[in-house]
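Read top to bottom, the protein sequences are chains A and B. Sequential numbering from 1 applies to the first sequence in the working numbering. Sequential numbering from 1 applies to the second sequence in the working numbering.
Don't read these hints as lab results, they were simulated from the structure. Take the hints with a grain of salt, since some may be wrong.
Here are the simulated DSS-like pairs of lysine-lysine, each with C-alpha atoms no more than 25 Å apart in a straight line [as the list claims (entries may be wrong)]: (1) B/64 with A/59; (2) B/87 with B/64; (3) A/15 with B/84; (4) A/329 with A/15.
Some but not every residue of chain A turned toward chain B, in silico, with C-beta under 8 Å [claimed, not checked]: (5) 54; (6) 143; (7) 305; (8) 864.
From a predicted model like this one, the values you see are computed outputs, not experimental measurements. Note that the Cβ used here is the ideal one computed from N, Cα and C, for glycine as well.
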Amino acid sequence: MAKILNLLPWRRNRKEQDLDRELRYHVDRRVDEMLGSGISEAPARRQARLEFGGIDEAKEEVRETWLWRWLDNGGRDLRYAARMLWRTPGFTATALISLALGVGANAAIFSLIDQVLIRALPVEEPERLVNLRWEGSSLSSGYGQGNRLSYPFCRDLQEQQFFEGTFCRYPITVNVSTGAQHDPVAGEVVSGSYFSTLGVHPQVGRLIEQSDDLQPGAHPVVVISYNYWRTEFGGTRDVVGRKVLVNNHPMTVIGVAPQGFRGTDMLANPRLWMPAMMMPQIDSELGRRTLDRRTVWMNVFGRLKAGVTMERTKAGLLLWFKAMLEADKHRDGFPTVTPEQYQRYLASTIDLLPAARGMSMRRSTLERPLLVLLGGTVLLLLLASLNVAGLLLARGAARSRELTTRMAIGATRSRIVGQLLVETMLLTVGGGVLGLMATPAVSQVLLAFLSPGNDLGSRIDYRVFLFALAVTMVAGVLCGLAPIFQSGRIPLMASLKDRARVAAGSGIWVRKMLVVGQMAFTLLLLIGAGLFVQTLGRLHSNVGFASGSLIMFGVDPPAMGYSEADSEKVMREVERRLRDMPGVESSAVANTRMLNGGWSDGGMTIQSNERFVTDRAVLWMRVGPGFLKTLGAQVIAGRDFEQHDVRPPETKSTPWRSVIVNESFARRYFKDRSPVGSRLGIGTGPNVKPDIEIIGVVKDFNRRNLRDEEIEHVFFPYWDRDTDNGTFYVKVRGSPDDAFASIRSLVRQIDPALPVGEPRTFEEQIDRSVWVERALATLSSGFGLTALLLSVVGLFGVMSFIVTNRTQEIGIRIALGATRAGTVWLIVRDVLIMIGAATAIALPVAWALSGLIQAQLFGLSAVDTPTIAIASCFLALVSLGAATLPAWRAASVNPIDALRVE
Amino acid sequence: MPSSRFPIPQGTLDMLILRILSLDSVHGYGIAQRLQQISRDVVQVNQGSLYPALHRLEEKGWLKAEWRQSETGREAKFYALTPKGRKQLTVEKESWNRLADAVRLIFNEGD
Numbered sequence: 001m002a003k004i005l006n007l008l009p010w011r012r013n014r015k016e017q018d019l020d021r022e023l024r025y026h027v028d029r030r031v032d033e034m035l036g037s038g039i040s041e042a043p044a045r046r047q048a049r050l051e052f053g054g055i056d057e058a059k060e061e062v063r064e065t066w067l068w069r070w071l072d073n074g075g076r077d078l079r080y081a082a083r084m085l086w087r088t089p090g091f092t093a094t095a096l097i098s099l100a101l102g103v104g105a106n107a108a109i110f111s112l113i114d115q116v117l118i119r120a121l122p123v124e125e126p127e128r129l130v131n132l133r134w135e136g137s138s139l140s141s142g143y144g145q146g147n148r149l150s151y152p153f154c155r156d157l158q159e160q161q162f163f164e165g166t167f168c169r170y171p172i173t174v175n176v177s178t179g180a181q182h183d184p185v186a187g188e189v190v191s192g193s194y195f196s197t198l199g200v201h202p203q204v205g206r207l208i209e210q211s212d213d214l215q216p217g218a219h220p221v222v223v224i225s226y227n228y229w230r231t232e233f234g235g236t237r238d239v240v241g242r243k244v245l246v247n248n249h250p251m252t253v254i255g256v257a258p259q260g261f262r263g264t265d266m267l268a269n270p271r272l273w274m275p276a277m278m279m280p281q282i283d284s285e286l287g288r289r290t291l292d293r294r295t296v297w298m299n300v301f302g303r304l305k306a307g308v309t310m311e312r313t314k315a316g317l318l319l320w321f322k323a324m325l326e327a328d329k330h331r332d333g334f335p336t337v338t339p340e341q342y343q344r345y346l347a348s349t350i351d352l353l354p355a356a357r358g359m360s361m362r363r364s365t366l367e368r369p370l371l372v373l374l375g376g377t378v379l380l381l382l383l384a385s386l387n388v389a390g391l392l393l394a395r396g397a398a399r400s401r402e403l404t405t406r407m408a409i410g411a412t413r414s415r416i417v418g419q420l421l422v423e424t425m426l427l428t429v430g431g432g433v434l435g436l437m438a439t440p441a442v443s444q445v446l447l448a449f450l451s452p453g454n455d456l457g458s459r460i461d462y463r464v465f466l467f468a469l470a471v472t473m474v475a476g477v478l479c480g481l482a483p484i485f486q487s488g489r490i491p492l493m494a495s496l497k498d499r500a501r502v503a504a505g506s507g508i509w510v511r512k513m514l515v516v517g518q519m520a521f522t523l524l525l526l527i528g529a530g531l532f533v534q535t536l537g538r539l540h541s542n543v544g545f546a547s548g549s550l551i552m553f554g555v556d557p558p559a560m561g562y563s564e565a566d567s568e569k570v571m572r573e574v575e576r577r578l579r580d581m582p583g584v585e586s587s588a589v590a591n592t593r594m595l596n597g598g599w600s601d602g603g604m605t606i607q608s609n610e611r612f613v614t615d616r617a618v619l620w621m622r623v624g625p626g627f628l629k630t631l632g633a634q635v636i637a638g639r640d641f642e643q644h645d646v647r648p649p650e651t652k653s654t655p656w657r658s659v660i661v662n663e664s665f666a667r668r669y670f671k672d673r674s675p676v677g678s679r680l681g682i683g684t685g686p687n688v689k690p691d692i693e694i695i696g697v698v699k700d701f702n703r704r705n706l707r708d709e710e711i712e713h714v715f716f717p718y719w720d721r722d723t724d725n726g727t728f729y730v731k732v733r734g735s736p737d738d739a740f741a742s743i744r745s746l747v748r749q750i751d752p753a754l755p756v757g758e759p760r761t762f763e764e765q766i767d768r769s770v771w772v773e774r775a776l777a778t779l780s781s782g783f784g785l786t787a788l789l790l791s792v793v794g795l796f797g798v799m800s801f802i803v804t805n806r807t808q809e810i811g812i813r814i815a816l817g818a819t820r821a822g823t824v825w826l827i828v829r830d831v832l833i834m835i836g837a838a839t840a841i842a843l844p845v846a847w848a849l850s851g852l853i854q855a856q857l858f859g860l861s862a863v864d865t866p867t868i869a870i871a872s873c874f875l876a877l878v879s880l881g882a883a884t885l886p887a888w889r890a891a892s893v894n895p896i897d898a899l900r901v902e
Numbered sequence: 001m002p003s004s005r006f007p008i009p010q011g012t013l014d015m016l017i018l019r020i021l022s023l024d025s026v027h028g029y030g031i032a033q034r035l036q037q038i039s040r041d042v043v044q045v046n047q048g049s050l051y052p053a054l055h056r057l058e059e060k061g062w063l064k065a066e067w068r069q070s071e072t073g074r075e076a077k078f079y080a081l082t083p084k085g086r087k088q089l090t091v092e093k094e095s096w097n098r099l100a101d102a103v104r105l106i107f108n109e110g111d
């Protein structure tokens with residue numbers, strides 16, 4: 001210990017000063033001597049130095065002797081420690097596994113947090129990127145996600161000088177074919193300024209430039225991602241010039257993006273980039289609106305000019321923005337609105353948000369859960385450290401004879417503490433290394449839970465390594481305190497005389513405290529697990545209808561180049577054949593896939609006795625006849641859509657004529673009156689004609705996500721208009737797999753190239769929609785059980801030790817007439833006190849932490865009393881179970897044997 | 001003899017230091033002087049190598065050191081033998097004697 005401390009800078013200084021003084025004394029004495037014999041000062045000093053030889057060399061040599069000595073000691077301690085650990089494999093394995101678990105889990109979570117929340121985009125000076133957000137009413141209809149603006153807005157901004165560069169992007173999935181097969185592939189539609197503003201350089205060929213984004217439909221070019229290039233194009237340089245079919249439209253590969261570049265959403269994994277002006281070829285619906293100022297779909301980013309702050313940029317931008325708002329009114333296509341609506345529009349502002357990490361909807365969903373998980377793993381690590389500390393103490397107690405003997409034959413206390421520390425260090429470093437080795441595997445598992453479908457890395461980079469190092473050091477300090485604390489208390493004489501008993505007795509209190517700490521952490525983790533498991537269960541049952549034997553799949557003919565009219569024919573054909581398919585109970589089409597995170601909504605005008613507008617946005621979707629029946633959703637007033645509502649084939653599409661509303665809608669806007677027969681209009685402007693008849697009311701069910709409750713929702717008839725693609729819902733009698741096989745061949749008969757989009761059972765769709773909750777429930781349960789196991793081991797160790805230690809006392813008690821039950825009570829009382837203490841510590845902490853996890857819960861409070869009670873009882877029962885064996889041993893102490901030991 | 005003074009043989013410096021300190025505790029300068037006196041100026045000790053040797057012996061636990069007022073009134077670092085060092089001196093003396101005997105035997109054999 002003292003030797004280690006000598007390496008500390010200030011200690012070192014002290015030694016250096018001493019050496020300096022010592023050598024100076026030598027030279028001075030020699031000079032004095034020569035002065036005495038009449039030589040003058042200067043030559044005497046020169047002579048003395050000459051005789052001494054190199055002073056600096058001498059110092060250096062002395063320092064070397066210090067270092068060698070230290071290394072020698074350290075090496076010996078290390079070998080000794082390794083030997084001691086080797087001799088107790090059970091202890092060593094338990095300690096190593098505990099630590100490896102703690103470090104591995106932390107490093108794995110950190111690796112994800114680093115990638116999801118911390119790391120900046122791999123582009124030039126990412127800190128200068130900002131994302132633009134329209135604050136207020138934009139009087140437009142929206143597609144996509146995040147902060148959306150129109151494409152013309154982005155182009156206008158490019159002409160201005162507020163930013164060094166401006167670009168925009170829209171995430172989209174397209175069907176790509178390089179041969180026969182058409183596969184859905186994630187991509188990004190981008191402005192020509194995208195790559196140059198980001199400062200990204202091509203791996204091969206060139207990237208999309210301004211000149212690739214001038215005229216609608218005139219630039220059939222794509223850039224592919226590095227990974228896509230390697231896996232699908234063999235990584236060869238002649239990929240440039242290759243033709244690919246994007247939604248059945250021929251496009252040319254012009255280059256490959258650099259490795260590691262994933263666009264502006266780090267959790268997305270786009271494989272190709274296409275110019276925005278190609279939108280009409282990529283997506284017919286949005287393509288018609290690409291240049292519309294009232295359609296917002298693009299995420300717009302700017303790069304701040306060097307040295308110009310966000311505030312200054314925003315100030316300039318706002319002036320321009322306000323002028324644009326004024327000018328917009330006179331443009332074609334500006335909607336007719338009420339004066340109040342126009343005033344609200346004019347009051348809009350534009351905001352800038354830092355976007356060094358890009359922008360990701362996924363990130364905001366993952367942020368909290370990841371931090372909650374990190375909290376869990378930190379608790380787990382603390383617990384594991386306490387566990388190892390307890391084990392070390394137990395071992396120290398068992399070794400007190402050895403230690404006192406060594407002290408008696410002359411080992412200094414600091415030397416022994418040093419050795420124990422080296423042992424602890426070896427353990428923690430070993431655990432840390434093991435943990436780090438396990439990290440990729442652990443994060444693979446986490447990734448499987450947390451982010452199916454994108455390839456976040458599970459490799460260890462230097463940041464994860466540094467984090468693991470820090471975590472290991474914290475664990476090391478926590479574990480290491482125990483032996484130091486203990487060896488300070490080895491009473492030399494007493495221990496040698498009285499065997500290990502007395503020495504160990506002093507440590508028992510600390511060990512109990514450690515176990516109490518472990519149990520408190522365990523209780524916290526168990527409560528968390530209980531809350532998350534229940535959340536998952538409650539969400540699952542919040543669908544609002546029986547989802548068993550319901551399956552779904554998408555059909556998207558325009559993505560294969562079909563015209564609108566031909567697409568409708570395909571859709572009608574699929575619907576007709578589905579009805580006749582054996583094993584199908586009922587089937588229906590809808591415009592969208594339920595529970596996929598997306599939705600459409602808008603304000604509406606209602607005409608009943610009076611005319612009024614909805615006070616908030618109403619969700620809507622379009623469904624065919626039989627849809628509600630297929631889902632099993634109950635129509636409680638009026639009627640469902642029937643086959644006779646379907647617009648006949650080969651006729652022109654019409655505006656919607658009928659609508660079904662849900663219960664919440666009826667309650668909010670009609671109170672106890674029936675809405676059936678009243679009329680509805682889309683939009684809230686004065687020109688809106690409410691001419692859509694409400695024909696029915698359906699019970700609430702969730703279609704956007706399972707957390708929704710009492711959301712107003714309306715259903716328009718699918719077949720009136722926009723019939724070129726959709727999702728089919730099928731209630732099957734047999735197994736879903738058989739049904740999917742039949743469906744595939746059914747679709748193949750219509751067009752062999754037409755893909756069946758994401759065939760899934762509804763249960764799978766539910767699972768996907770609650771993946772965050774499922775991950776939290778599973779992982780927190782894992783943490784809770786691991787914690788429970790660790791603390792049970794700790795508790796068992798301490799209680800066994802207590803019994804061994806008190807054998808004589810118990811023997812005397814029994815000899816004096818104590819009953820077996822009384823003896824058991826002796827042990828059980830200890831355990832009960834410890835459980836009580838742990839609960840008393842954990843409950844206030846749980847209460848204090850409740851705010852952090854409330855947002856992740858559903859349908860119950862973070863301080864849900866039954867959950868807390870059950871978790872506490874569970875812990876208490878398991879703890880008492882762990883104490884059974886020691887208690888039984890105590891009860892079966894034979895007084896004669898116990899006393900004979902003395 | 002080619003020179004009246006020859007460099008001290010490897011390993012013997014430690015022994016000489018232990019020997020000097022077996023009589024009294026002395027500081028570094030004193031040890032250097034004593035070395036010269038005892039060896040009657042035959043052995044040449046590089047003063048610079050004396051201190052590494054002292055520190056090495058201290059680290060081995062054969063010497064202990066303390067700062068004390070010297071004969072000139074200034075503080076100096078005084079070295080003294082530890083019990084371990086005293087034992088070591090006996091060991092070294094014995095093995096030296098054995099070695100010297102053996103060497104003498106070898107040289108005298110031819111005579």
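Each hint tested on the structure:
1. Taken as a hint, the residue 64 of chain B and residue 59 of chain A pair is honoured in the structure, with Cα atoms around 19 Å apart against an allowance of 25 Å.
2. A hinted pair counts as satisfied when its Cα atoms are at most 25 Å apart, and residue 87 of chain B with residue 64 of chain B qualifies at roughly 14 Å.
3. Pair hint residue 15 of chain A plus residue 84 of chain B holds up; C-alpha atoms about 23 Å apart against a cutoff of 25 Å.
4. Taken as a hint, the residue 329 of chain A and residue 15 of chain A pair is broken in the structure, with Cα atoms around 82 Å apart against an allowance of 25 Å.
5. With a cut of 8 Å, the hint placing residue 54 of chain A at the interface with chain B holds, because the nearest CB-to-CB distance is about 6 Å.
6. The beta carbon of residue 143 of chain A is not positioned within 8 Å of any beta carbon in chain B (closest approach about 77 Å), and the interface hint is therefore violated.
7. With its C-beta approaching chain B no nearer than about 63 Å, residue 305 of chain A sits outside the 8 Å limit, and its interface hint is violated.
8. Proximity of residue 864 of chain A to chain B is violated relative to the hint, the smallest CB-CB distance being about 64 Å (cut-off 8 Å).
The structure fails to meet hints 4, 6, 7, 8 from the earlier list, while all remaining hints are met.
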